[in-house]
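Student: Here's the letter readout for the chains.
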Amino acid sequence: EPEVTQTPSHQVTQMGQEVILRCVPISNHLYFYWYRQILGQKVEFLVSFYNNEISEKSEIFDDQFSVERPDGSNFTLKIRSTKLEDSAMYFCASRPRGGAYEQYFGPGTRLTVT
Amino acid sequence: AQKVTQAQTEISVVEKEDVTLDCVYETRDTTYYLFWYKQPPSGELVFLIRRNSFDEQNEISGRYSWNFQKSTSSFNFTITASQVVDSAVYFCALDGGFKTIFGAGTRLFVKA
Numbered sequence: 001e002p003e004v005t006q007t008p009s010h011q012v013t014q015m016g017q018e019v020i021l022r023c024v025p026i027s028n029h030l031y032f033y034w035y036r037q038i039l040g041q042k043v044e045f046l047v048s049f050y051n052n053e054i055s056e057k058s059e060i061f062d063d064q065f066s067v068e069r070p071d072g073s074n075f076t077l078k079i080r081s082t083k084l085e086d087s088a089m090y091f092c093a094s095r096p097r098g099g100a101y102e103q104y105f106g107p108g109t110r111l112t113v114t
Numbered sequence: 001a002q003k004v005t006q007a008q009t010e011i012s013v014v015e016k017e018d019v020t021l022d023c024v025y026e027t028r029d030t031t032y033y034l035f036w037y038k039q040p041p042s043g044e045l046v047f048l049i050r051r052n053s054f055d056e057q058n059e060i061s062g063r064y065s066w067n068f069q070k071s072t073s074s075f076n077f078t079i080t081a082s083q084v085v086d087s088a089v090y091f092c093a094l095d096g097g098f099k100t101i102f103g104a105g106t107r108l109f110v111k112a
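Listed in order, the protein sequences are those of chains A and B.
Residues in the first sequence are numbered from 1 upward in steps of one, following our numbering.
Residues in the second sequence are numbered from 1 upward in steps of one, following our numbering.
A hint or two may mislead.
[Stated by the list, open to error] Some chain B residues well away from chain A (every beta-carbon gap over 12 Å; in silico): (1) W66; (2) N76; (3) D86.
[Claimed, not checked] Below, simulated DSS-like cross-link-like pairs (lysine-lysine); rule was C-alpha separation at most 27 Å, straight line: (4) B:K38 with B:K16; (5) B:K38 with A:K57; (6) B:K111 with A:K42; (7) A:K42 with A:K78; (8) B:K38 with B:K70; (9) A:K78 with A:K57; (10) A:K42 with B:K38; (11) A:K57 with A:K42; (12) B:K38 with B:K3; (13) A:K42 with B:K3; (14) B:K3 with A:K57; (15) B:K38 with B:K111; (16) B:K3 with B:K70; (17) A:K42 with A:K83; (18) A:K42 with B:K70.
Derived by calculation from the structure, the hints in this document are not laboratory data.
It should be emphasised that the depicted structure is a prediction, and the values quoted were computed from it without experimental measurement.
Just so it is clear, CB atoms sit at the ideal spot from N, CA and C, and this is done for glycine as well.
Input sequences plus hints: build the corresponding full structure.
Tutor: As structure tokens, then:
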């Protein structure tokens, strides 16, 4: 069964460094998402992406964040200058064109900012 | 505004007990989807069920059952004869378009 994959599974970085989290959505999906979950809290929407542009973004998704689909398979989340409070699990998700609104989630990347 | 409320923060039961996790949602959309996800200690999100707003049929899958009531904007989840492996955080979620809104989650402890 096709699945969303994310790399790395765990990333440790120092405050102020740039990080890029990578996701490979399911191949025929056209809608892509990033979510964040701070430890012990709920999963929060960050951004949705369709047709090579951002469809919607939350107030969390400020200028420090950017997303890109650099090629036909990867979908990346970049945090330009990480802060301690960026430490969280980041989930990528994808959805097929139209149809049911089921999003398929990746296993997540745990980001630790020290 | 869309909102999902899971009023139960933590529930603790003894194995073989039945347990119901509550979920209440708010949306102005007429077409939307509701979901339940399980998050075990390993951290991944495991999809359990999807329901669209036009389908109020209750569903049973093994020990799991779901009760969707549009009149009360609720989508409750019942685990029958709970097992230790059911211990996890369970999230209810609402999707009306370009994003999914999650509830705060209910942490379920099932003791042997």
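Student: Against the earlier hints, flag every one the structure doesn't satisfy and list their numbers going up.
Tutor: none
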